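Asker: Sequence:
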Amino acid sequence: MEVERLKKILENYRKGEINQREVLKELQYLPYKEVGFSKIDTHRNLKFGFPEVIYGAGKSISQIERIVKEMLKKHSKLIITKIGEEVASQLIKKFPSLRYYREAKIVSTQIKKSKKRKYICVVSAGTSDIPVAEEASVVAEILGNRVVRIYDAGVAGLHRLLDKIEILNGAECLIVVAGMEGALPSVVGGIVGKPVIAVPTSVGYGTNFKGITPLLTMLNSCSPNVVVVNIDNGFGAAFFAHLIANK
Numbered sequence: 000m001e002v003e004r005l006k007k008i009l010e011n012y013r014k015g016e017i018n019q020r021e022v023l024k025e026l027q028y029l030p031y032k033e034v035g036f037s038k039i040d041t042h043r044n045l046k047f048g049f050p051e052v053i054y055g056a057g058k059s060i061s062q063i064e065r066i067v068k069e070m071l072k073k074h075s076k077l078i079i080t081k082i083g084e085e086v087a088s089q090l091i092k093k094f095p096s097l098r099y100y101r102e103a104k105i106v107s108t109q110i111k112k113s114k115k116r117k118y119i120c121v122v123s124a125g126t127s128d129i130p131v132a133e134e135a136s137v138v139a140e141i142l143g144n145r146v147v148r149i150y151d152a153g154v155a156g157l158h159r160l161l162d163k164i165e166i167l168n169g170a171e172c173l174i175v176v177a178g179m180e181g182a183l184p185s186v187v188g189g190i191v192g193k194p195v196i197a198v199p200t201s202v203g204y205g206t207n208f209k210g211i212t213p214l215l216t217m218l219n220s221c222s223p224n225v226v227v228v229n230i231d232n233g234f235g236a237a238f239f240a241h242l243i244a245n246k
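In terms of numbering that gives the first Met the number 0, the numbers along the sequence shown are unbroken and rise by one, the last being 246.
None of these hints come from the bench; they were simulated from the model. These numbers come from a predicted model, not from an experiment. Just so you know, even glycine gets a beta-carbon here, dropped at the ideal spot from N, CA and C.
Below, simulated EDC-like cross-link-like pairs (lysine to aspartate or glutamate); rule was C-alpha separation at most 16 Å, straight line:
{"id": "1", "residue 1": "LYS92", "residue 2": "GLU64"}
{"id": "2", "residue 1": "LYS76", "residue 2": "GLU51"}
{"id": "3", "residue 1": "LYS6", "residue 2": "GLU25"}
{"id": "4", "residue 1": "LYS93", "residue 2": "GLU64"}
{"id": "5", "residue 1": "LYS81", "residue 2": "GLU64"}
{"id": "6", "residue 1": "LYS81", "residue 2": "GLU102"}
{"id": "7", "residue 1": "LYS6", "residue 2": "GLU16"}
{"id": "8", "residue 1": "LYS58", "residue 2": "GLU84"}
{"id": "9", "residue 1": "LYS72", "residue 2": "GLU25"}
{"id": "10", "residue 1": "LYS76", "residue 2": "GLU3"}
{"id": "11", "residue 1": "LYS114", "residue 2": "GLU171"}
{"id": "12", "residue 1": "LYS72", "residue 2": "GLU51"}
{"id": "13", "residue 1": "LYS163", "residue 2": "ASP151"}
{"id": "14", "residue 1": "LYS193", "residue 2": "GLU171"}
{"id": "15", "residue 1": "LYS7", "residue 2": "GLU21"}
{"id": "16", "residue 1": "LYS73", "residue 2": "GLU51"}
{"id": "17", "residue 1": "LYS117", "residue 2": "GLU171"}
{"id": "18", "residue 1": "LYS209", "residue 2": "GLU180"}
{"id": "19", "residue 1": "LYS73", "residue 2": "GLU3"}
Each pair of labels, with its calculated beta carbon distance range:
{"id": "20", "residue 1": "GLN109", "residue 2": "GLY169", "range": "24 to 30 Å"}
{"id": "21", "residue 1": "VAL34", "residue 2": "CYS221", "range": "44 to 50 Å"}
{"id": "22", "residue 1": "SER113", "residue 2": "ALA56", "range": "25 to 31 Å"}
Construct the complete structure from the given sequences, taking the supplied hints into account.
Answerer: The structure is reproduced here in structure tokens:
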């Protein structure tokens, strides 16, 4: 249930345009609606200002379609993460209002460009980290934020980052995405006086251990403004950054 829609329902009831039975019908699925295999959290929008986000990996196309169908009855926006191109194509065929952001592996409603002066900065260590960085960037934009990207600026060539100091310091908060040894968030944290959300990725050779190595590096950061989300969790970083930027 979107806040504006709820306000309209209450206002219509106050004016006598709808009766109590109709109000209760609209509110009957708070706080969730059960569809057998899934419990759709219809109350999430009232808490965060955005509906529950669908994690696409591991779900069948029929399950995703059913969830999307139910959510679009109540919400004008939605996000589905970790979606491959084939599944995305089927979803868009059935729900033409949706768009696929290929590099981010996200299906969502269309991004409206933010006119805000404030911005979230998303930094990736390497080009191979960009898919996770794009998940963070696209989610932050869908949530209504302005995003500035600085990609392929890892510690192996630090000069690529140092000439962006003004952009880094101008951000409300930063999302820093890195695989390999995962040192970049500590470097950025040492440069800026803003919150830094570190995202370890599974990018790297054997002893990267599918993201465990950068995760531990980031958790051991001596920069006190660095916090860490889970491996490859660009979505989680973006949502937290959104809460910080819109506090």
